[in-house]
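Novice: Build the full structure now, drawing on both the sequences and the hints.
Number of protein chains: 2
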Amino acid sequence: MLAGLSPLTKNTTAGEVSINGALMHHVFFWLKEPENKVHRKQFEKAMNDLLKVETIKLSHVGIPAATEERGVVENSYTYSFMVMFDSLGDQNVYQKHPIHLKFIEDNSDLWNKVVVYDSVD
Amino acid sequence: MLAGLSPLTKNTTAGEVSINGALMHHVFFWLKEPENKVHRKQFEKAMNDLLKVETIKLSHVGIPAATEERGVVENSYTYSFMVMFDSLGDQNVYQKHPIHLKFIEDNSDLWNKVVVYDSVD
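As you go down the protein sequences, you meet chains A and B in turn.
In terms of numbering that gives the first Met the number 0, the first sequence opens at residue 0 and continues consecutively.
In terms of numbering that gives the first Met the number 0, the second sequence opens at residue 0 and continues consecutively.
Just so you know, the hints here were simulated from the structure itself, not pulled from any lab data.
One should not assume that every hint holds.
Same chains, same label: a pair holds when it works inside one copy or across any pair of copies.
List time: in silico SDA-like cross-link candidates among lysine to any residue, alpha-carbon distance up to 25 Å [as the list claims (entries may be wrong)]:
no., residue 1, residue 2
1, LYS31, VAL72
2, LYS112, THR77
3, LYS95, GLY61
4, LYS44, LYS95
5, LYS36, HIS96
6, LYS40, ASN19
7, LYS31, VAL119
Specialist: Right, dumping it as structure tokens:
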């Protein structure tokens, strides 16, 4: 389980929250038309709907940050979608979940590249 | 700030923790000798030391998960290092922090590839 989260309170101080016992699933999407506002709106809603899968324990959905341009920084993607699970089993539930299958079916036409990183501590 | 974290308690239920107001800095390292146990031990200690930078609010350090092999999954890296900050300013503090500079100086010989993804919600 996400043991690192259990003791969190409003008084948690910087640097204290090291997450342990989690599977992090981080997906980067490159939309075919990243400037298309209709596509963006559809996709942002779809990602929010995807977060309803009940095995997701923590999430962060974002876009490239305006950090310094460096050779090692990959900022050509359109959306970052990061979710954490308690276990590989919970990630497998997610992969086969109707909400996830519907997400792919309804939105895969919008992207032309996806890169996934799964990591465990 | 990491607003999504504030209301967290032991009773937080699945799917509730959507992090908002964060800059996620996710780094993937490919070690030159990923099977070298001395290198791995040094690097794992170095990443733990790096987490002492006080602007880091949340972290997850990992290795590739044994998820299903799919064309979109990138699992050739050696280590995943994810940290979250409250702001771009806090990430800039981190970049120039003596602990971070020492991390690079002491360990950059160990890796031959680094990819960084910075994202904001």
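Novice: Check each numbered hint from earlier against the structure, then list the numbers of those it violates in ascending order.
Specialist: Violated hint (a single one): 5; every other hint is consistent with the structure.
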